[in-house]
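Peer 1: Below, each chain spelled out in residue letters.
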Amino acid sequence: MDIIYLLIPIAIILVSCATWAFFWSVNSGQFDDLESPAHSILYEDDDKLIPDDAKPQRDDR
Amino acid sequence: MAVTDRVAEPCYHCGLQVPESTDFITLIDGQPRRMCCPGCLAVAETIVGSGLDTYYRHRTQPGNSPEFSSRQLPEPLQQELALYNQPEVQRSFVNQCDAGLEAILVIDGITCAACVWLLEHHLQGLDGVNKASVNLTNHRARIQWSPEQIELSTLLGEIYRIGYQAHPFHPDKEEQLLAQEQKRAIRRLGIAGLGMMQVMMMAIALYAGTLQGIEQQYQAFIRWTSLIIATPVVLYAARPFFTAALRDLRTRQLSMDVPVSLAIGGAYLASIWATVTNSGEIYFDSVTMFTFFLLIGRFLEMKARHRTGRAGNALLNLLPTSALRLRDGEEELVSADQLQSGDLVRVRPGQTLPADGIIEQGHSSVDESALTGEYLPIHKQCGDNVVGGTINVENPLLIRVAEVGAESKLSAIVRLLERAHEEKPQVARLADRVASYFVAAVLITALVVGVSWWLITPEHAFWITLSVLVVTCPCALSLATPTALTAATGTLRQHGFLITRGHVLESLSKATHIVFDKTGTLTEGNLRLQSTQPLAALDRQQCEQLAAALEQHSEHPIARAFHHLQPQQPASEISATLGKGLEGQIDGIRYRIGQADYASALCPADCPAQPSEAGQWLLLCSEQAPLAWFRIDDQLRREAREALDQLRALGLQCEMLTGDSSAAVQEIAAQLGIDRVTSGVTPEQKLQHVAALQAEGAQLIMVGDGINDIPVLAGAQTSIAMGSASDLAKTNADAVLISGDLRRLVDAVQLSRRSRRIISQNLIWSLSYNLLALPLAALGFIAPYMAAIGMSASSLVVVGNALRLSKLKRRNAVNSQRSLNPR
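Note that the protein sequences, when read in sequence, are chains A and B. The first sequence begins at 1 in our numbering and counts up one residue at a time. The second sequence begins at 1001 in our numbering and counts up one residue at a time.
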């Protein structure tokens, strides 16, 4: 069980890394708008990235 | 009112009716789509042309109709935008950044998430723009661009070209503080959450160790780890509770923050003691979890408070950005904040006055509705005072600037508002009152218990005193109010009633009086054609057609009442007589429309008698004879009568308080059955009136919408702004009626009373739990794990009871909807 003397400090270091990343993202404004990013995934603006033969038929629109 | 029978096709871009005999068509998504005007057509073509037609598939709201009508921006707008290229103008809102320049713009016209997508993609598609992100919540865009490749005016122009308006954003101090507060709250929440999860993991190991045995050295190690992780949670995340508790102690109050800090601080210190001496129990898991849950509650409350538009956006949009300054007979376009008192400024019809001043030359009518709520323009001539932020309606004016900045009348209203805020009566909060007794009781008991045990067995005294403090940890007590409020607030928000301050539900439930503003609150706030009475051979529709043709090009509020009609023949040679009416020629015949004496002067016949005293009547005359009377009036909100009847049924005293002094006031009061009416009052008098009522002991709800209502909104115990109100009014109101449906007020009052009952039940439950646990803990009967189970169970009961509020409400809302809408 002596392994916890190594693992727990590693866990603490990882948590401090996560905390640093979290502070960085708050300070760079990523939490300013909590609404619109949720919608942005729904926009089909990736037409160029889809191969032609994989595109769904759009005539029915 | 004339309602056309044909099914009008809505404009594909803005959703307004497409007038017949127009032909603005563009291909979108492979289909020809009709537009209502060349402006919408230009915007749609720009959007499609830049490959962003996905916007139309994803938007949930129609777009805005643009103010201009061609693909090229009109010349005056271009000149105004070019002002923003000057370095001295840019200094106030443009910052240097790594990749060039950066600015924050306020964007008008954002209605849904698709707008954000459209703006971001359109701007990012421009050469020289490095980054563009638009915030849906506060309608601000952050743009980074390289000044060598693109000018700021071009950027702003591009925003106009896709149908939005952009203004530079000048953050004020308060604004920056709010932003900092929000960021700090999120950071605290994150720390508390991360810490809670880690400590919980350690706690599981310790609990397992207690059950099946753990070696002393590992236990000590895990306890030390928990201590290290819990420390930032207590010292950083829970700091707001400590500072608030200290502040309350200094002002000799005992609020909920005191027992909360006591519980967090006490359990934390005891756990440190236990860790260091390797004895007793540790409570790091409870400490972190308790902090995290309470912070979530605070965070949600803060979000709601920040949600409704912001003061920073609001004042800015009232004043124009540029002004036409006359210097040595030369006109030059300058930005409005460069004006100084003594400057001469020319204001064209339709423009907003940039500053307070005195009319030097010319006479015109000025629309002061933004300041006074009066929707009819007021006559102004040489020597009269005019106020910045009002709109010049008819003729060009030359104005000598008198006051700018802090001295201006607009700023004076804002100052009045600040004063009203300070003098606002504080609503004593039930939970805090209970809490102060509770805290006092707990402290005294703990002291008594500690001293008694010290006398009996000194070695047990510390641990038992501590368990008293921990067992009475006011989890359930401090959750009792917030959970009920959150449930009720959420339910009301779904129904279009947004609460932005914590005390609203409580003060709504106690309200005795409800005071309404007239224009824009009880009424729709714009003039409408109410009835037409033909006098001669022509029928109603023909008369309305003629009137519409004459009024078509005027932007006077009266003329706008006719704008929904489509004239068949255009009028020519139109001339306006100030404050009287219009004259024009249609199909070779001269017509006049306006005040009776002015219109009837055109024809040989006598002025016919006005059909009734009530309302405002316009006469249409041709060269031969008077043709028709039109009655125009501000439309009463459809649901106003129902809503007021129900409010009275709930026992509220309804009153009307308005700056309008016309006959329409009495008429509306009679229609709605309001018997207490105060009319023709200034914002100061409104505030005095409300203060006088409050001094008599009335618990007041004020409902209003205009800038002139802001001080009185701030002064009332509960203030509610209409959804269409100015941003400034919304920011300063305690609640916003987003749907604009007055019946939601009834729901809100009912629900507030119900939530008050639920809060009382919760408080009684949690207090009885604590009172039961206290003597047991004091006698040393309660083991820590029993305390933990008891604490969670009592919290669950409280939360479940609060959730009942949202369920009950939903059923009730459907019922009341049914009874309100029998059709």
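It should be emphasised that the hints constitute simulated quantities derived from the structure, not laboratory data. A virtual CB, placed ideally from N, CA and C, is assigned to each residue, including glycine. Careful: at least some of the hints might be erroneous.
Claimed, not checked - Under 8 Å between C-beta atoms, here's a sample of chain B residues computed to sit facing chain A: (1) 1136; (2) 1160; (3) 1198; (4) 1200; (5) 1216; (6) 1223; (7) 1225; (8) 1227.
As the list claims (entries may be wrong) - Which chain B residues stay away from chain A? Per the calculated CB distances, all over 10 Å, these: (9) 1182; (10) 1215; (11) 1281; (12) 1334; (13) 1348; (14) 1588.
Peer 1: Which of the stated hints cannot be reconciled with the structure, identified by number in ascending sequence?
Peer 2: 2, 4, 5, 6, 8, 9 and 10
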